[in-house]
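Assemble the whole structure, with the sequences as input and the hints as a guide.
Protein chains: 2
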Amino acid sequence: MTPTQKPQQDPLSADRYDQRGVSASKSEVHDAIRHLDKGLFPNAFCKILPDAAGGDPDFANILHADTAGTKTSLAYCYWRETGNLDVWAGIAQDALVMNLDDMACAGATGPLLISSTIGRNKHLIPGEVLAALINGTTAFLDQMSDLGVVIHHGGGETADVGDIVRTADVGFTAFARLRRDRVFVNAIKPGAALVVLSSSGQASYEAHYNGGMGSNGLTSARHDLFHAVYRQKYPESYDPATQTDLVYSGPYRLTDPVPTQAGDPDLSKLDMGRLVLSPTRTYLPFLREVFQHLRPALQGLIHTTGGGQTKVLHFLQGIRVVKENLFPAPPLFRLIQKASGTPWHAMYRVFNMGQRLECYVEPQAAEDFVQLASRWNIEARIAGYTDAVATSDASEVLVKGAYGEFVYR
Amino acid sequence: MTPTQKPQQDPLSADRYDQRGVSASKSEVHDAIRHLDKGLFPNAFCKILPDAAGGDPDFANILHADTAGTKTSLAYCYWRETGNLDVWAGIAQDALVMNLDDMACAGATGPLLISSTIGRNKHLIPGEVLAALINGTTAFLDQMSDLGVVIHHGGGETADVGDIVRTADVGFTAFARLRRDRVFVNAIKPGAALVVLSSSGQASYEAHYNGGMGSNGLTSARHDLFHAVYRQKYPESYDPATQTDLVYSGPYRLTDPVPTQAGDPDLSKLDMGRLVLSPTRTYLPFLREVFQHLRPALQGLIHTTGGGQTKVLHFLQGIRVVKENLFPAPPLFRLIQKASGTPWHAMYRVFNMGQRLECYVEPQAAEDFVQLASRWNIEARIAGYTDAVATSDASEVLVKGAYGEFVYR
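Respectively, the protein sequence lines represent chains A and B.
Numbering-wise, the working numbering comes out as the position in the first sequence, counting from 1, plus 210.
Numbering-wise, the working numbering comes out as the position in the second sequence, counting from 1, plus 210.
Worth flagging that the hints you see were computed from the coordinates, not collected in a lab.
There's no promise every hint is true.
Put simply, identical chains are the same to the list, so a pair is met inside one copy or across any two.
Below, a list of computed lysine to any residue pairs in the SDA-like style, where the Cα atoms sit at most 25 Å apart [unchecked claim]:
hint: 1; residue 1: Lys-248; residue 2: Gly-265
hint: 2; residue 1: Lys-610; residue 2: Glu-589
hint: 3; residue 1: Lys-248; residue 2: Ala-349
hint: 4; residue 1: Lys-521; residue 2: Ala-397
hint: 5; residue 1: Lys-443; residue 2: Gln-453
hint: 6; residue 1: Lys-443; residue 2: His-333
hint: 7; residue 1: Lys-399; residue 2: Gly-611
hint: 8; residue 1: Lys-479; residue 2: Arg-544
hint: 9; residue 1: Lys-248; residue 2: His-363
hint: 10; residue 1: Lys-443; residue 2: Gly-411
hint: 11; residue 1: Lys-248; residue 2: Leu-351
hint: 12; residue 1: Lys-248; residue 2: Pro-336
hint: 13; residue 1: Lys-248; residue 2: Asn-294
hint: 14; residue 1: Lys-248; residue 2: Pro-321
hint: 15; residue 1: Lys-479; residue 2: Pro-553
hint: 16; residue 1: Lys-479; residue 2: Asn-294
hint: 17; residue 1: Lys-248; residue 2: Val-360
hint: 18; residue 1: Lys-521; residue 2: Gly-365
hint: 19; residue 1: Lys-521; residue 2: Pro-506
hint: 20; residue 1: Lys-248; residue 2: Lys-521
hint: 21; residue 1: Lys-248; residue 2: Asn-345
hint: 22; residue 1: Lys-248; residue 2: Asp-476
hint: 23; residue 1: Lys-521; residue 2: Gly-337
hint: 24; residue 1: Lys-443; residue 2: Asp-247
The structure is reproduced here in structure tokens:
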């Protein structure tokens, strides 16, 4: 392929992903950690450790790390372009929620302890950005406290490492200690109902419409949506070794209005940059109530991050999940698909496509989950069901919808 | 200053440091976090939190983050140059010990929980490097276990973020829960003896001679020691915005033999790269025994990382520390000084200069501390004493030795 020739098929193919320096499957990482202990409950959503903190056999610990990934690079460009520091508060929330919602899926809904690790290029990231990150963190913790979720700030490290970090890298690590009988372990059976919670819209605790992005797929989304003008303008925002035509090869400026179609929500107060930068929604308040009131009906909880709508495959034993009533793709994901020409089956493998939390539940309780989500103005719906497959290693996910039928194994 | 003109004085001046993208004083970071809660015991070496993990008023928690900093960039160059993967195990140890020894100075000597955060540029860092980092981590934990220090591995995150990370960034976060009456809080009084533990030599649990580097000052040391040939060869190993004459402006190739002088240890099995890459020594086995047997005599414990021999200033109230018998500068630090022309007073402000742990103790117990260190073949010595100064905000450190007398406030 010559540098100017666009790939003709599947722009999210493993090859294209790889050329942008992202492991679609993380197979190398999984190979490297294969021999590490899987923890007390391998089917829990997070690694569950013995109670190192207290030495009590009735308790377990979780220590969990994640970052905002390359969403930080987009925040950098948007801040440089507009002067808007708020996007850095969003990045703090992104990195936090990537941890907190994973841990909540394992039963840890507070109290929690968090610590940040920020690497920055001091030439490019001044103190006011650090302040925005730190204040964004405390504001999010205060908001969670108001919603009944207790999170303590343990401090953190901010390193000036311009020889390593092009702009900024923002991560958090979170700790929880909980009773072992409170650890939630996925056990998804045939005949479960699948309830999904929307990642877009405006939850009662959100200040603006949320595009639904989360913090996954950003390397693809950034380069496929945004315009080549940023190649020259912000060369520090991408790897110079990436093939040029894969860098910022999209139609939009960061401050362009969001194109909408009939039936879309009013997005006139946003622009393309902020649509993609919507801070990752947390489902913590919902999950905390689920464990208090609906736990007996619960079989599985999946935070659909890396792997998108196929993430659940890691937690299935001899089960097929039929997803036949997912949310219609919100505007953000339609725009990514259109700009990139990505086949829809690949879109569902990389992005959450409008729902970032899956609850596998006893069918008679499904409506209770939908109702509970509505308390925070989060749309939820019964999106499908599970059935058995012939052999335990033949688990699969079937997505059926407006864009076709896609099978993932 | 024109791009080719060398600065005439103090190559570790704030200005030169700043041009290389490093905060000598971290003042911006301190400003950004000034309003954050300082924890239960502000004079402890780490932030001490209430027991979020257990809700017990008799207990406290520490959640602590740190990285290997730009030492990772040097490991990258050395690995590329020689194919030696062992240096990545050293980087894992560097990032771990930067956490563990800080926490041990606050009384947390195990059990501990750790979690890694690794960001990599997948184009440049293959799976074998991830495996070396992960195996290096488990090997270090196994070794600590043999020495009586229990550390559990909580897992971690490995992110492919080439748009953010030039090569690799390696960090850890560690958690400890301990009884509040076991938290060690610095209370350094006039009339204490200062016992320092060597950062160089070969401890009983180290496989090779340790140059004493630790994980601080690496941006300066790398560029001041190593040769301009690496500018062209590994442009991914530094910030291209750095003034060219400050990048790899030193005399040495990575595989050059270490120049020595009469009285130096035999360093013929090392080369310059591996001398600087010596994995950060941990003092955990020593500190664990200190708390078991010598605690009543202990007034202060300082892990001399960022800030070098002036680090203790953060923990003094109306005290002068007189350091008049520090270890002679080991070969590594002499070479850095000579290559860079850095004034000695600046060397002691940036580097540990041959000792990375300070114990402020009752004078009659000082020899016991020296003896205890010798159990692991770690050289220790009584290096000075404390006395009172007129006002509580006039604390100072006085370094007296072969290179002059330097006062720091």
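Hints versus structure:
1. Lys-248 with Gly-265: Within one copy only: 19 Å inside a chain, 27 Å across chains, cut-off 25 Å.
2. Lys-610 with Glu-589: within (20 Å within a copy, 69 Å between copies)
3. Lys-248 with Ala-349: between (34 Å within a copy, 17 Å between copies)
4. Lys-521 with Ala-397: Answer is within: at 15 Å inside a copy they meet the 25 Å cutoff, but 52 Å across does not.
5. Lys-443 with Gln-453: both (17 Å within a copy, 20 Å between copies)
6. Lys-443 with His-333: For Lys-443 and His-333, both the intra-copy (16 Å) and inter-copy (23 Å) Cα distances are at most 25 Å.
7. Lys-399 with Gly-611: Within one copy, since 23 Å is at most 25 Å while 73 Å is not.
8. Lys-479 with Arg-544: within (19 Å within a copy, 60 Å between copies)
9. Lys-248 with His-363: Answer is between; shortest inter-copy Cα gap is 10 Å, intra-copy 27 Å.
10. Lys-443 with Gly-411: neither (32 Å within a copy, 49 Å between copies)
11. Lys-248 with Leu-351: between (30 Å within a copy, 17 Å between copies)
12. Lys-248 with Pro-336: Cα proximity of Lys-248 and Pro-336: across copies only (23 Å, versus 40 Å in one copy).
13. Lys-248 with Asn-294: neither (42 Å within a copy, 29 Å between copies)
14. Lys-248 with Pro-321: both (24 Å within a copy, 19 Å between copies)
15. Lys-479 with Pro-553: Neither way: Lys-479 and Pro-553 sit 30 Å apart in one copy and 57 Å across, limit 25 Å.
16. Lys-479 with Asn-294: Within. Shortest intra-copy distance 15 Å satisfies the 25 Å Cα cut-off; inter-copy 54 Å does not.
17. Lys-248 with Val-360: Intra 27 Å, inter 18 Å, cutoff 25 Å: inter-copy only.
18. Lys-521 with Gly-365: between (31 Å within a copy, 19 Å between copies)
19. Lys-521 with Pro-506: within (23 Å within a copy, 54 Å between copies)
20. Lys-248 with Lys-521: Close inside one copy (18 Å), not across copies (40 Å); limit 25 Å.
21. Lys-248 with Asn-345: between (35 Å within a copy, 15 Å between copies)
22. Lys-248 with Asp-476: neither (46 Å within a copy, 44 Å between copies)
23. Lys-521 with Gly-337: between (38 Å within a copy, 22 Å between copies)
24. Lys-443 with Asp-247: neither (45 Å within a copy, 39 Å between copies)
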